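> Chain residues, written in single-letter form:
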Amino acid sequence: MENRAALISYLPVGYPTVEASIEAMVATAGGGVDVVEIGVPYSDPGMDGPTIQQAVDVAVRAGVGMRDVLRAVEGVAESGAVPVVMSYWNPIERYGVDRFARDLAAAGGAGAITPDLIPDEASEWIAAADRADLDRVFLVAPSSTDVRLAMTASACRGFVYAASTMGVTGARAEVSSVAPALVARVRAISGLPVAVGLGVSTGAQAAEVAGYADAVIVGSAFVRALLDGRDPAAGARAVQSLAAELAVGVRQRS
Amino acid sequence: MSAPSRTDNGVDAGNGVEVPGRFGPYGGRYVPEALVAALDELDEAYRSARADLGFREALWALQRDYSGRPTPVTEAKRLSQYAGGARILLKREDLNHTGSHKINNVLGQSLLTQRIGKSRVIAETGAGQHGVATATAAALMGLSCTVYMGEEDTRRQALNVARMRLLGAEVIPVTTGSRTLKDAINEAFRDWVTNVETTNYVFGTVAGPHPFPTMVRDFQRVIGDEAREQVLERFGRLPDAVVACVGGGSNAIGIFTAFLGDDEVRLLGLEAGGDGIETGRHAATLTSGLPGVLHGARSYLLQDENGQTIESHSISAGLDYPGVGPEHAYLRDTARASYLPVTDAEAMKAFELLSRTEGIIPAIESAHALAGALVLGRELGPDALILVNLSGRGDKDVATASEYFDLAEQTEAERDLAERAPEEQ
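Those protein sequence lines, which keep their order, are chains B and S.
Counting from 177, one number per residue, gives the positions in the first sequence under the working numbering.
Counting from 89, one number per residue, gives the positions in the second sequence under the working numbering.
Hint data in this document are derived by calculation from the structure and do not stem from the laboratory.
Keep in mind that the hints are not guaranteed to be accurate.
To be verified - Just so you have them, the derived chain S footprint on chain B, three or more residues with Cβ under 8 angstroms:
1) 231–243
2) 302–311
3) 376–386
Claimed, not checked - Here are the computed distance ranges between Cβ atoms for each label pair:
4) S:D392 - B:A410: 54 to 64 angstroms
5) S:D351 - B:E300: 51 to 61 angstroms
6) S:A227 - B:R275: 48 to 58 angstroms
7) B:E254 - S:R243: 45 to 55 angstroms
8) S:E317 - B:D306: 48 to 58 angstroms
9) S:G205 - B:D306: 34 to 44 angstroms
10) B:A349 - S:R203: 46 to 56 angstroms
11) B:R275 - S:R322: 50 to 60 angstroms
12) S:D363 - B:E195: 51 to 61 angstroms
13) B:A282 - S:A433: 13 to 23 angstroms
14) S:A139 - B:G387: 15 to 25 angstroms
15) S:P160 - B:G272: 29 to 39 angstroms
16) B:T321 - S:K165: 49 to 59 angstroms
Source: prediction; values computed, not measured.
No residue lacks a Cβ here, since even glycine has one placed at the ideal position from N, Cα and C.
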């Protein structure tokens, strides 16, 4: 692989429709995204800001479920990008933890990110992910103590998700200044790649984050592009061109 | 310096459950990592405060001199005839300053906020009682205060919105999701994770991530501790049953806890049955929900086959919540307490009966407990002593009740009263 940071896009399944969301995910891969975070719609997305809430709300009301998510995983896998599911815990638990792990692996998924599941509560998920040979990605935050940082990183497989700021998802004018320090703290105790998320929306910000992290995660900006698209085709074109801009950014490490 | 990890903490979660924050398989912490440090800080501050005589005395002084504790136990003698002659004892939490039991917890958590050196509190509110209590304590202690309230609830409980604003709090109507309590909680958590350095989340019920279920229970258990002593002193024995309404479950846990070891005392929680369980329009989580995770804890919740939270329905904004505290889930599974639904219609009938027989207008939430007590009384008979937690007063519900009762010329309760009038003379 080239010596550059990876680019990760996030989009929720089911906005504006299941099919259109899969097409948009594939479009981000076409624009140069390496990994697609496939969002499971959830009625109570406590870590998400208004942009993602708005899209996810449409998907929840349409009754989008794990079967649709697994179709998205297959679609992304066929496009050549790496599919990783992002889900709050209750939809996974309701589907069945073991069943989720097996079906995700069978669909070609690489693993799952669980924003409201801390390793303290994750023994069942860790065991299921191990059996299915899946990555499990937990989050670390600027407020994490050294003890928790080490515990969380050692529970991760695949990569560590560093929340760049104290807050919810959403585009910000500036990427947090505490993110580089958090990445350095993780690097000091773990050999896993560190991906930085929350607040990145432009090529310049991607370049900045790519300067110190192994991967750059962009979510709300892609969702915003879809929300602003006149129709699904326009939305797909918009996310593809945003992906291309960000892909240039991660190759420019500032 | 790093806070201890939660596995180091030795809080006894009660009921012989030794794991911190766990009630059997329920409870725990299902939260973003960004909140763990704040929860640890709160837990640590709470444990040290609980062991600190000065803190306990400061809290007791506020409860006594500011809130008006101990609250009395009133025997509802004229109501008894509608309960098969059983003696109904009302624990008068409605007489607390601000009009409900919510102040008990808020005074404790606000003192803790000062103790950990934070200057701002946030709260969620459904009926507005917890929001008013938090705004009140914030005014008293010089803290800045923001309250999140579902837009739907700001309409149903406009009086409480005005009260909070008069007290200097900022009230933010929440327009996401079902626009009720559950969405207000989501929004409050989002605020907390963003502003955690200056802000403490004063959570209103015994749900949420550890330490909230344990801490809120401990601040509310004064209700049952007092009532148990008052009943023993006045009647020379324990009540046969203790009855309370359950939304998140704080007033119920507050009165149940003192009686958990009294195996002969039946514990009955009444959930909001809304239009009836069979209609699907209700908030009876323990009656018809399934175990899962919502708002940071494992407990029962109303959820669909995809694990999405189902919107709840109740005439009572304070019970209109699709989750429930994890300790109630544990008490349900172990059958130490039982839980039944009460419909809107049954609750409103009890609301009117208490108003007209005792001169006490209850909160519609508390009227659910009364409705359950009336049924239980008919089952237990005239020798029974039933202790009901009258968790709040009905001033806030006057608009809802007026609208409700104007629908019929003569209400069911009026007919009952008319029929019974001769016997009473």
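> Now look at each hint and say whether the structure bears it out.
We went through each hint and held it up to the structure:
Check result for the segment 231–243 of chain B against chain S: holds, 6 residues qualifying (beta carbon to beta carbon below 8 angstroms, three or more required). Using a Cβ-Cβ cut-off of 8 angstroms, 0 residues of the segment 302–311 of chain B lie near chain S, which falls short of the minimum of three, so the contact claim is violated. A count of 0 residues in the segment 376–386 of chain B with a Cβ less than 8 angstroms from any Cβ of chain S is obtained; the coverage claim is therefore unmet, three being the minimum. Take S:D392 and B:A410: their Cβ atoms lie about 32 angstroms apart, and the range 54 to 64 angstroms is violated.
A hinted range of 51 to 61 angstroms is violated for the C-beta pair S:D351 and B:E300, which are about 34 angstroms apart. Checked against the given bound of 48 to 58 angstroms, the beta carbons of S:A227 and B:R275, roughly 52 angstroms apart, stay inside it. Distance hint check: the CB atoms of B:E254 and S:R243 are about 49 angstroms apart, consistent with the given range 45 to 55 angstroms. For the pair S:E317 and B:D306, the supplied restraint of 48 to 58 angstroms holds, since their beta-carbon distance comes to about 54 angstroms.
Checking the proposed 34 to 44 angstroms range against S:G205 and B:D306 shows it holds: the Cβ atoms sit about 43 angstroms from each other. In this structure the hint that B:A349 and S:R203 lie 46 to 56 angstroms apart at CB is violated, the actual value being about 36 angstroms. Distance hint check for B:R275 and S:R322: the Cβ-Cβ separation is about 57 angstroms, which falls inside the suggested range of 50 to 60 angstroms. For the hinted restraint 51 to 61 angstroms between S:D363 and B:E195, the CB-CB distance of approximately 37 angstroms leaves it violated.
For B:A282 and S:A433, the Cβ-Cβ distance of about 50 angstroms falls outside the hinted range of 13 to 23 angstroms, so the restraint is violated. The hinted window of 15 to 25 angstroms between S:A139 and B:G387 is violated, with their beta carbons roughly 48 angstroms apart. For S:P160 paired with B:G272, a C-beta distance near 51 angstroms fails the hint of 29 to 39 angstroms. Taken as a hint, the range 49 to 59 angstroms holds for the pair B:T321 and S:K165, whose Cβ atoms sit roughly 58 angstroms apart.
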